[in-house]
Amino acid sequence: MNRVAVKGLLFRRGRTILTAIAIVLGVAMVSGTFVLTDTITKAFNGIFTSAYSDTSAVISGKSIVSESAGNVTVPESLLAEVRKLSSVHSAAGAIFDISGNSDKAQLIGSDGKTISSGGAPTFGWGFDAKDTRFNPLTLTAGRWATDDDQVVIDKGVADKEGFGVGDEVGVSAIGPTRKFTISGIAKFGSVDSLGGATVAIFTVPEAQRLVGKEGRFDVIFAAASPSASAKQVVDQIRPLLPAETQVRTGSAEAQENSKDVDSFLQIIRYFLLAFAGIAVLVGAFVTFNTISITVAQRIREFATLRSLGASRRQVLRSVLIEGFCIGVLASVVGLFGGLALAKGLEAVFNALGLTLPTAGLVFASRTVIVSFVLGIGVTTVASLVPALRATRIPPVAAMREGATLPPSRISRRRGPVVAVVLLLGAAMLAYGSFGNLDTLPSIELIGAGCLAMFVGVGLGAAKAVQPLAAAVGAPARRFGGEAGRLASENATRNPVRTARTAAALMIGLALVTVVATLGAGLRNSDREALDSSVDSDYVVTSKNGFEPFPAAAGAALPGSPGVGLVSNVRSDQAKIFGNESIVNGVAPSFGRVFNLNWSQGSDAVLARLGQHGAVVEEGFAEDNELRPGSSFSLRTASGQLVRLRVLGIQAPSEVQKIDPLVGKVLISEAAFDRSFPRPSNIYTFVDARGGETGAHTAALERTLSAFPDAVVYTKAGWIDKRASGVDELLNLFYVLLALSVVVSLFGMVNTLVLSVFERTREIGMLRAVGMTRRQVRRMIRQESVITALIGAGLGLPLGIFLAAVFTQALSDSGIGFSLPIGSLIAFTIVAILAGILAAVLPARRAARLDVLKALHYE
Amino acid sequence: MNDATQPSVEATDVTRRYGEDGTAVDALRGVSLELEPGSLTAIMGPSGSGKSTLMHILAGLDRPTAGTVSLAGTEITALGDNELTKLRRDHIGFVFQFFNLLPMLTAEENILLPQAIAGEKPDRAWLEELMGRVGLEERRGHRPAELSGGQQQRVAIARALVSRPTVMFADEPTGNLDSASSAEILELLRQAVDAYGQTTLMVTHDANAAAIAGRVYFLADGRIVRDLANPSVADIVAATQDLAGR
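So the sequences go chain by chain: H and R.
Taking the working numbering, the leading residue of the first sequence gets 1, the next gets one more, and so forth.
Taking the working numbering, the leading residue of the second sequence gets 859, the next gets one more, and so forth.
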């Protein structure tokens, strides 16, 4: 009996494969995510392990704040002391901050532009050419830098930019661009580059000058003498350590570095898995629908089995076995499809500038297990409801022509069930959005709420099929002739089936609509926020706009012709009241280029800040019970304690909250430069005499040409650039959600193929009475488009509704609601194209039916 | 197992009413009959006469509103689904108008299906005997789509006989066949009775089919209105016309 089920699947090979594909894509996404992140983890672990393989101990600054240009460094003088230790064979100091925040050195390509890929780090390191055992890179050509005008670059960037040994390359660190000669090319262990990061290695003194760490090292490496252990070295070093520094064994340091990468990859993993989960959900919907249809089409077969003595349990088992087998097939294909998809995901990240290092693809047993459990679990669960319905087919149906499935329990009580599911979904959404929960439970609750909404709308959609089909089918009926009229009627013939098919597409379309609507809200609100905050003719920022750029660039601006006012905004992270916060250093003129919304004080305060005055943000003041006159202190990344007194309180307006531009604490530029090592600007606001003109813009650009990472924008240009920053994120979401739409596309193909199969005799009759092949194709295609548009008709409003809820929930952060009309039109067109595409195969099949055979088809 | 004198099937005063009070339809109004072991019985009657309902009730596929049915000595009208499933496995074989072969199985696999479902070991000698009887030794590996209608129905008959049921029910076995194939199938049904003593009940409105039966019951409006023993085709046609003319 079980063999019968398997033979049936093999007999209906095409349908089995089509059904499996819906799950394959989701499983492939899961498997691909694991493969990709495992591979990157392995690549990094390999790099770190080999980097510290010859190192017994590493002395470095403690991490006080996570991201800062002002990290704790180690004094050069310590090196001599370490070298004197009995357990130490050799030691060397280096400029080597693996976080990349404090030693940036951008390489300038032959086109004069900085080489960078998105937010990837641009390392500027210094290693001693005489003692290379501590250098994590190995040369592939040339020699290590021994002169101060020499540099070694990584093989990845050398290959990409066509650099070779002996070539000149520009380098821009905290000062103006300078030329260096490439003395060598190097790589990390087995990988040519660290993802999209660029690496430039100088002599130690040159690196110290370039990144502003004269007399300091980021790390001191020590190797044990043959008789000593790494632990002995660490123990001997420990008493020598200055404040805020630490010593670890080489292997502990490698583990520590891996841990940082792991936590970053964990985020990427969950992010991708969330989208994989959506694709699997849509796949489950499609599988459920397909198996339901095939069960309905095989009523006589199940009834025959029953009349031949099969028990209900055997019928149940045979349908579940079908689901199970489809799951096994889908899991195997999905698992290996994941390998291909890992490559694809890598390409997506590459295109978005998030290049990640990879080595040989890693295929962990966890990947295999998860893929199988998921694929088989989902299909088996999806076949449960159809299996239960199949058990209720009476044996007597074997003798009746045109027997139909007994109505399911749900369909008899569909109204109340739909209402309960929708209410439950709405309740979860509301509580998740407005219940003041922590981030994670709130996201989980919102996710569950969305899921319930999708299921509820999907179940209730059968009721909406008739009116929706009447609306979206109007053009087909009007312009499609008889084929169009029949298509419109076919779409409503089995509303439950059409509704389920459309519901799968609905999920993907609803989610892209949510993304597009929130994106539009974010973009428009951001524009408003920026426009109302900034009051200068020009804004200078780093290339990506979110990272600091050298303060020297800002310092060069007052010399530019036509410049009236230059107001720098310094920025760094500091620890305040136990939390990391952004601190800005501002000039007395800041109030003239930036609209601070004072609740205590006025722009005049900015000129009186001195060494200890601070302006704090209102919410921050409330949280920490600060009033004008209150004292507090902050700790910089280098460990320095700064005492401050509140002189003013500023309260960002509702709309400014979405993009506040400045941090919780503002101090004077002078105080900032005294307290924070290696200060850099986040913005420099510039007013020109006579306002913004082409000549002024050109002059500013000329002045900044020595600082390739500093870019001058007109105010309007800057607003455009910054507000559209969200677009890249939107595109990433679209690409990842496209997978779900593709899954639902296969669902549409499935349904149409099965409908054509079911209507074989009818189509034969239509052909016999004179319908042309072209008309048959058109009829199927239009039915498909109508189904797709029903999906859009459900998905777009649902997406807009969800986006409105989220916008409301996020209203505290200043995001407003705006309808992305253009995107909505685009999604509708996508739905139409999906409908046309889904119909290609079924329409061809229908058109090719042999009229005579079709008429005698039973 | 069964007493030789005990009827294979015995129905007593069976009535069947469909629907609720106002719109109720009486499909059967008090039918009693017995099928002797080794007998071939036909039920005839116009559409709506209740002949299909009668067969369904006798085979345990439908329940009477009143009256009793015993099959192989068991009162079946109150059995639950599991017991009915068991009854079908052990005592009932079906032959359908549209053959109802499973398209993915070969002829031989289709014939062995009831035993596969019951989890029994196939009786190879009996299978070979049946294969020879239905004349499909050469085509045992073919799927239904590769067989003619007559051949498919022969496979279906072998399938019904494979578990040596107490009764074989045949629902319009020639209803979907041309006359030459019909004749072959009728011959085969007759042989099953003669060679194996297979008790058979056939529902048909084909006089030629009914003529192979030892007894023919005529149903009209849910009642047995006439029964003929060993009738010729002419007798049956006459009776049919007579009943239609009343």
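If you're looking for bench data, these hints aren't it; they were derived computationally from the structure.
Ideal Cβ positions, reconstructed from N, Cα and C, are used throughout, including at glycine.
Just to be clear, a hint being listed does not mean it is correct.
Unchecked claim - Stretch-level coverage of chain R by chain H, calculated; a stretch enters the list once three of its residues show a Cβ under 8 Å from a Cβ in chain H:
no.	stretch
1	914-926
2	932-943
3	957-966
### Query
Looking at the structure, which of the earlier hints fail to hold?
The structure conflicts with no hint, since it agrees with every one listed earlier.
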